[in-house]
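Read off the chains here:
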Amino acid sequence: MSAEIVGGAAVAPPTTMTIGRGARLRQLAPFLPAGVILIGLFFAPLALMLVFSFWQTNEKLDIVATWSLQNYANFFDNPTYVRTLAKTIIIGAGATVACLLMAFAIAYFLARYVPRRWATIALLAIVVPFWTSYLLRVYSWQAILGEFGAINQVLMGLGLISEPSRLFVYNDASTFIVLVYVYLPFAALALYASLERFDFTQLTAAQDLGARPDQAFRHILLPQIRPGIITACIFVFIPILGEFLTPIMVGGANGLLIANLVSNFFRNALIPEGAAVAFMIAALVTLLLIVFRRYLQIEDVVARG
Amino acid sequence: MANRVDPLETMPVSRYARSVSRGLRLWFGLMMVFLYVPILFMIVFSFDESRTPGLPITGFTLKWYEVMLGNRVLLRALGNSLTVAAIVAVLATTIGTMAAFVLVRGGIRRRNAARIVFTMPIMVPGVLIGVALLIYFARVLHMPLSLVTVVAGHLTFTVPFVVLIVAARLQGFDRALEWAAADLGASPRRAIRHIVLPLIAPAILAGALISVTLSIDEFVITWFTVGAQATLPTYIYTQIKFGVTPEVNAVATVLLGVTLAFLGVAALILSRGRALSGRLRRRRPTA
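Line order of the protein sequences matches chains A and B.
So in this note's numbering, spot 30 of the first sequence is number 30, and the numbers just go up one at a time.
So in this note's numbering, spot 154 of the second sequence is number 154, and the numbers just go up one at a time.
Hint data in this document are derived by calculation from the structure and do not stem from the laboratory.
Using N, Cα and C, we set each Cβ at its ideal position, and we do this for glycine too.
Some hints here could point you the wrong way.
[Stated by the list, open to error] Straight-line distance between alpha carbons at most 25 Å, and here's what the computed SDA-like set of lysine to any residue pairs gives: (1) B:K63 with B:T245; (2) B:K241 with A:K60; (3) B:K241 with A:A173; (4) B:K63 with A:K60; (5) B:K241 with A:E163; (6) B:K63 with A:I248; (7) B:K241 with A:L270; (8) B:K241 with A:D199; (9) A:K60 with B:R139; (10) B:K241 with B:F262; (11) B:K241 with A:Q153.
[Claimed, not checked] So the derived label-pair ranges between C-beta atoms look like this: (12) A:N58 with B:W27: 53 to 61 Å; (13) B:S271 with A:R294: 48 to 56 Å; (14) A:D62 with B:S271: 54 to 62 Å; (15) B:L82 with A:G94: 33 to 41 Å; (16) A:G94 with B:L260: 25 to 33 Å; (17) B:R25 with A:D214: 20 to 28 Å; (18) A:I90 with B:G227: 32 to 40 Å; (19) B:A86 with A:A65: 35 to 43 Å; (20) A:P115 with B:A138: 31 to 39 Å; (21) B:L268 with A:I290: 34 to 42 Å; (22) B:R193 with A:L287: 38 to 46 Å; (23) A:H219 with B:S271: 32 to 40 Å.
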């Protein structure tokens, strides 16, 4: 789909120079391997997943190519599935808001009160956990929330409880905490990048002209850092839509999110059913990316490593 | 650009300003604790004697590191991970750099659309890429799942990373340097070889190191595309699912150290490169 735009545009001659079609193709040739990977290993598999989502599984778990919207209809007919989807969106939105608020305070502090040199170092310290293994970062929370984890041991040490409690792990709250933990660095990076470009004397100017601090904040600061806010939201919310490890590791028996549903369908060889759910997530992700493309500053988050 | 003088020093401010700044400082400290405590616990537990890692620490030991080094399956998984990462890094860096040149200099219109296209594999959650590739390999291409499919899976997101990093660097490249080389008689090929490549080398190298790091750590896509041979993350995952094994903490600690070393080198190279091209730019008489 969008890949064709690149291909299509590529044929057009550049700027004012007139060069032969052969030369133009030669110029574009180095793009070919990346194009093959992008189309062959990303867009084609996703498109085929869409095709499979319209097919069915029979009793022998064979895939039959009969076209229908049955898999999608079944999904929305099953209250458990719909509840899982709703829960994913609610937890995702909640974690996004939490990350945004927590990260904003960090980024604001670093951008306004800390000399740039130190702010850069502090930012690096925030990013480091994000570059370490995602699997291990999630796993490491068991050492804190788990049955033998720090919280239980401290509470037992204080004599508040007599045996390890499972209260702190395997529920939605622990999933939420770990999700915030995992995605907080993204939000901090995105917000810092836009706050860094903000001239804070504008806030003083606004107040000189009679604005209350909250008015200055709302009408001067917020509009200028909107791209950073949107980037932060996207970088937290979208990954949570596809989050299946955290619920397995620290979530409860009922704590599954939508991506776990996909993975479970696939484990049970119900490929078309899984593909339908996966495609719905993919469509939502694509929609968000396209709607917010103008604001999305991926380089701020990615190229800073 | 914001001036970083503490506003409290220079202007009359509300009486809350000082406590706001103090509160923010405290918050920053708390957040650092939040980010680092789980990692610290993991490291501490890797040296703990007890079979069930937890507080209180029963005693210092290197036992788990020894167990780790004696674990054949684990070492083989590590070997697989390193092999995959090396292949991925070489391929992704070459392919991504080539594409970045075309993207920045090929006169591609609708560059924003192209950027979205390269952003998508990074942004789309790994589960989706993983299951899509699983269907693709197993049901469409009828390819047996193996380390080859894992490499293919890792290329989907490492190539875009390299493209974005190298393209960002090329965008800021001062083409006057290349024109100077052409004036002095260098062919375009020579100018690229001797002027452009050395100057963007830091970005290319950083892209390679980031590819290695991402590939070694990648779990989700790997989980869906891996065959019988485990990689380190998939091995660790199965271990964790079977129950707490203290050597996992040791593996995690080593992995953390290696990742940090790699990233440190990448960051150093990138900042060196920035300083270098900055110097070159400054040396040029301003027009």
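Hint check:
no.: 1; hint: B:K63 with B:T245; result: holds (12 Å)
no.: 2; hint: B:K241 with A:K60; result: violated (29 Å)
no.: 3; hint: B:K241 with A:A173; result: holds (21 Å)
no.: 4; hint: B:K63 with A:K60; result: violated (49 Å)
no.: 5; hint: B:K241 with A:E163; result: holds (23 Å)
no.: 6; hint: B:K63 with A:I248; result: violated (29 Å)
no.: 7; hint: B:K241 with A:L270; result: holds (23 Å)
no.: 8; hint: B:K241 with A:D199; result: violated (50 Å)
no.: 9; hint: A:K60 with B:R139; result: holds (16 Å)
no.: 10; hint: B:K241 with B:F262; result: violated (28 Å)
no.: 11; hint: B:K241 with A:Q153; result: holds (22 Å)
no.: 12; hint: A:N58 with B:W27: 53 to 61 Å; result: holds (57 Å)
no.: 13; hint: B:S271 with A:R294: 48 to 56 Å; result: violated (30 Å)
no.: 14; hint: A:D62 with B:S271: 54 to 62 Å; result: holds (56 Å)
no.: 15; hint: B:L82 with A:G94: 33 to 41 Å; result: holds (39 Å)
no.: 16; hint: A:G94 with B:L260: 25 to 33 Å; result: holds (31 Å)
no.: 17; hint: B:R25 with A:D214: 20 to 28 Å; result: holds (21 Å)
no.: 18; hint: A:I90 with B:G227: 32 to 40 Å; result: holds (37 Å)
no.: 19; hint: B:A86 with A:A65: 35 to 43 Å; result: holds (40 Å)
no.: 20; hint: A:P115 with B:A138: 31 to 39 Å; result: violated (55 Å)
no.: 21; hint: B:L268 with A:I290: 34 to 42 Å; result: holds (37 Å)
no.: 22; hint: B:R193 with A:L287: 38 to 46 Å; result: holds (44 Å)
no.: 23; hint: A:H219 with B:S271: 32 to 40 Å; result: holds (37 Å)
The structure shown violates the earlier hints numbered 2, 4, 6, 8, 10, 13 and 20.
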